[in-house]
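All chains, please: the whole structure from these sequences, using the hints.
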Amino acid sequence: MTVHEEQTTTSVALEDLLREVEGLHAGGYRLVQIGCTDIGGAYEINYSFDKDYQFRNLRLTIGPETEVPSISGIYWGAFVYENEMHDLFGIPVTGINIDFQGTFIKTAEKYPFSVTRVGGDRCRNA
Amino acid sequence: MPERIIVPFGPQHPVLPEPIHVDLVLEDELVVEAIPSIGYIHRGLEQLVQKREFTEYVYVAERICGICSFMHAVGYCQGIEHIMGIEVPDRAKYLRTIWSECSRLHSHLLWLGLFADSMGFENLFMRSWQLRESVLDVLEDTTGGRVIQGTCKVGGVRRDIGQEKLDEMLRALDPFEEQCRDLGDVFLNDETVKYRLQGLGVIGKDEAYALGAVGPTARASGVPSDIRETGYAAYGDLGFKPVVETAGDCYARCAVRVKEVYASIDLIRRTIDGMPEGPLDVKVKGTPDGEYFSRVEQPRGEVIHYLRGDGTKHLARARIRTPTLANIPMLVKMLPGAQLADVPVVVLSIDPCISCTER
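Line by line, the protein sequences are chains B and W.
So in my numbering, the last spot in the first sequence is 126, and the numbers never skip.
So in my numbering, the last spot in the second sequence is 359, and the numbers never skip.
No lab work stands behind these hints: they were computed from the structure.
On a predicted model such as this, the values are computed, not experimentally measured, just so you know.
Heads up, the beta-carbon is just placed ideally off N, CA and C, and yes, glycines get one too.
Hints are not guaranteed to be accurate.
Stated by the list, open to error - Quick look at which bits of chain B chain W covers, simulated, 3 or more residues with Cβ under 8 angstroms: (1) 33-42; (2) 53-59; (3) 67-77; (4) 93-106.
What the hints assert, rightly or not - Quick list of in silico lysine to any residue cross-link-like pairs, SDA-like style, CA-CA up to 25 angstroms: (5) B:106 <-> W:12; (6) W:241 <-> B:101; (7) B:51 <-> W:51; (8) B:110 <-> W:316; (9) W:51 <-> B:7.
Have a look at this one:
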């Protein structure tokens, strides 16, 4: 049987992120991915979830220095995406269950996709 | 209490075709914690999307991985086609399905060989790869490339498979299936294989789902998730049911892949039988303006190509979440409790593809 896939995207405020994620977790959604997009001086972070092929995104928009709370307390496997966010984009994520302190993805240039592109070590969890 | 020591596993290891590093915390021979790290082959391919025209980036997408190369191209092209509202001709969808299932076949046979090698079963390894060669021959015959096919493009496909060749493939499927079933019989029923794999690296259904596992790794734990059920390419016409096992151990992960080899042969047979006539592509006009999360079921599981266009010929963003990245949390949970000698088998049981993971 073929299942029709639907995709929805909802904007979420930083202070509401954990509450919204907890709601999806309670609703039986699987964490699919967390991905960042450079939108010119700021980041857009998509938290993607799936349940029975219904694809939902929570979209968070933040500035380059903004600290983002980890959702790894709700979705244990989120640590891979959150360490990736930090190591590639330089986004400080607080409270990751397995925090690699900037060593999960080893890159020649530090924070290669950072909107500031200045390198250096400005992140709390680095 | 035994003294704890840390043993580095990888990035170079005889069973690893690609580099991943895992720090194994041991008490005597028992793994109590596993800490992975990656980054040895990060190539920044996502950034290249801003330097290549959206039609050219298919070539880059195909080079993300040397095993599921064709499926990366399908995932990328489907995303662009959805954003631009392009309806791909049916024949192109069927051809994409054939090449996708050939990719799954050769990937699973590659993995079965590597898995046999990790168990020390060398002639099973060689037999698996011998069968894989015949799939690569078909890919080379029909696309011109064994590893990178280059036949998928935005709007359809570049090459057709003639009726004579389709008939030849159909005739070859029966003896090929028989050989695969003989091979699968050893993986599924040989006592030494069972003894080596059963009860090893067990993850239950609820835990696998909570960890976000995908592909055969999830299905072996009883999670019946397979993106082919959404009916992309020709899967909607063909009808499809995922292969699911419930034991959640290394044997179940092997069994899912063995049975998916049979399922892929059946899908190719039905795709050839139902192949519609018609054009191979449609003309692409304009540039992509919008976003889409394109999902495709690769041999290792669900891959996501998040694509965002801003109305120019270059995309603003491509973000690719590959199945191995999603399965790393499973690996971290599987390893504690295993003996050091079992680590290569457990690591290989998720079929890690690191070039995919790092992009």
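Review point. Which of the listed hints are broken here?
Key: 6, 7 and 9
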